[in-house]
Amino acid sequence: KAGVTQTPRYLIKTRGQQVTLSCSPISGHRSVSWYQQTPGQGLQFLFEYFSETQRNKGNFPGRFSGRQFSNSRSEMNVSTLELGDSALYLCASSLGAGGTYNEQFFGPGTRLTVL
Amino acid sequence: AQSVTQLGSHVSVSEGALVLLRCNYSSSVPPYLFWYVQYPNQGLQLLLKYTTGATLVKGINGFEAEFKKSETSFHLTKPSAHMSDAAEYFCAVSDRSGGSYIPTFGRGTSLIVHP
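Here the protein sequences line up with chains Z and E, keeping their order. Letter by letter, the first sequence follows residues 1 to 115 of the numbering used here. Letter by letter, the second sequence follows residues 116 to 230 of the numbering used here.
Treat each hint with caution, since some may be false.
For lysine to aspartate or glutamate, the following DMTMM-like pairs were computed, each having C-alpha atoms within a straight-line distance of at most 20 Å [to be verified]:
(1) Z:Lys13 - Z:Asp85
(2) E:Lys173 - Z:Asp85
(3) E:Lys184 - E:Glu203
(4) E:Lys184 - E:Asp210
(5) Z:Lys57 - E:Asp210
(6) Z:Lys13 - Z:Glu82
Simulated from the structure, these hints should not be mistaken for lab results.
Pulled out of the complex, with its shape left as it was, chain E reads as follows (with noise of 0.2 Å):
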């Protein structure tokens, strides 16, 4: 069975500084693995992905995540934080069950970000 953790409920930084999300993640196949953001009220939009190839990936609002197969890790980052990044973000991971994808979300970690 796969799990995700996500290390802090909460996160805080200052505009402007880097942000780090963490996320590990177990499975018993290579998984896929995602990053969505949630705005208050609103559901979940993706931020970025990954399944094959280049294990730095790139996303939307100048999100990456790095996939390290040998730490079980695809921690989020950005090089500098906005007041519009504050939201809730979820680490997802999906591996093929019977022949279909089923997702696991970790528990979510709130982002709030400081003037």
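Just chain Z, with the same shape it has in the complex (with noise of 0.2 Å):
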């Protein structure tokens, strides 16, 4: 079974634009989970969808975003950027709803940054 997969896996942009990223869960699977990963933040929860619900949302701006579709793929945007949402961008998924509660496989990440 293909694994979970996100593109693009490098990006770089400047301050002000806005950019997409993708994620593609196990076949099966319905939740999907964005994490923000920074040396200086550690791992921080953004947002987690079930069957195209956004369930859970952690502290962030508003400038980040999240939607999933029927075929349970998510993508996530973030608007205006700044230096410090350079990151690497982390894309989770699971069978049931419930975020770690139930086991989560996690892709390579999408390294996004921001000059």
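Hints are included, so try docking the two chains, each in its own frame, into the full complex.
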């Protein structure tokens, strides 16, 4: 079974631009969660989607948004990029809802650099 | 609010030596506890998890962890380190918040294995 895939793997943007990251979960998984990983803040939860509905949201500004499609694929959007948005963005999928109560399978991440 | 503390951002051991990675948590209710491993340029992989039942949990790659409620700890151990164990390890906790499980990750411990 194919794992979680994320595209693109690397991205370079400038301040003020917006960016869209994509995540394809493992086949049959209906929950997708997004995380931001930085050396300074560690791993922080962004949001979780289950059956096209946002179930949980972390403590991030409204510039960070996401959505999930009927095939469970998910996209994350960051508008008006700031230098501090430079990070590794990880996507994780699981069979059921509830975040890490169910085992999560992580993708390799998208490395975003904001110049 | 829950929090996770991993003692030591770096732990260095010799090949064949005992591995001990420390994790302490604070949570208002009995949490679910997890250890993840992250190899360079990869996403996180679940090593083991504690939800209920036996407090000594065995995971993949010879790792195990013991949940000690009185000490609010969930330390990760492996009797004999291999070079391939060199990676970043994350402890995570989740408890029910508004009906779902919002995960909190520790800052991570980098395990260095010397030949």
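We went through each hint and held it up to the structure:
Under the criterion of a C-alpha separation no larger than 20 Å, the hint pairing Z:Lys13 with Z:Asp85 is consistent with the structure, at around 10 Å. Distance check on the hinted pair: E:Lys173 and Z:Asp85 sit about 37 Å apart at the alpha-carbon level, beyond 20 Å; violated. Simply put, E:Lys184 and E:Glu203 have alpha-carbon atoms about 25 Å apart, too far for the 20 Å limit, and the pair is violated. Between E:Lys184 and E:Asp210 the alpha-carbon distance is near 15 Å, which keeps this suggested pair within the 20 Å criterion.
The suggested pairing of Z:Lys57 with E:Asp210 holds, with an alpha-carbon distance near 15 Å, which does not exceed 20 Å. A C-alpha spacing of about 10 Å is found between Z:Lys13 and Z:Glu82, which places the hinted pair at or below 20 Å, so the restraint holds.
Hints 2, 3 from the list above are not met by this structure, while the remaining hints are.
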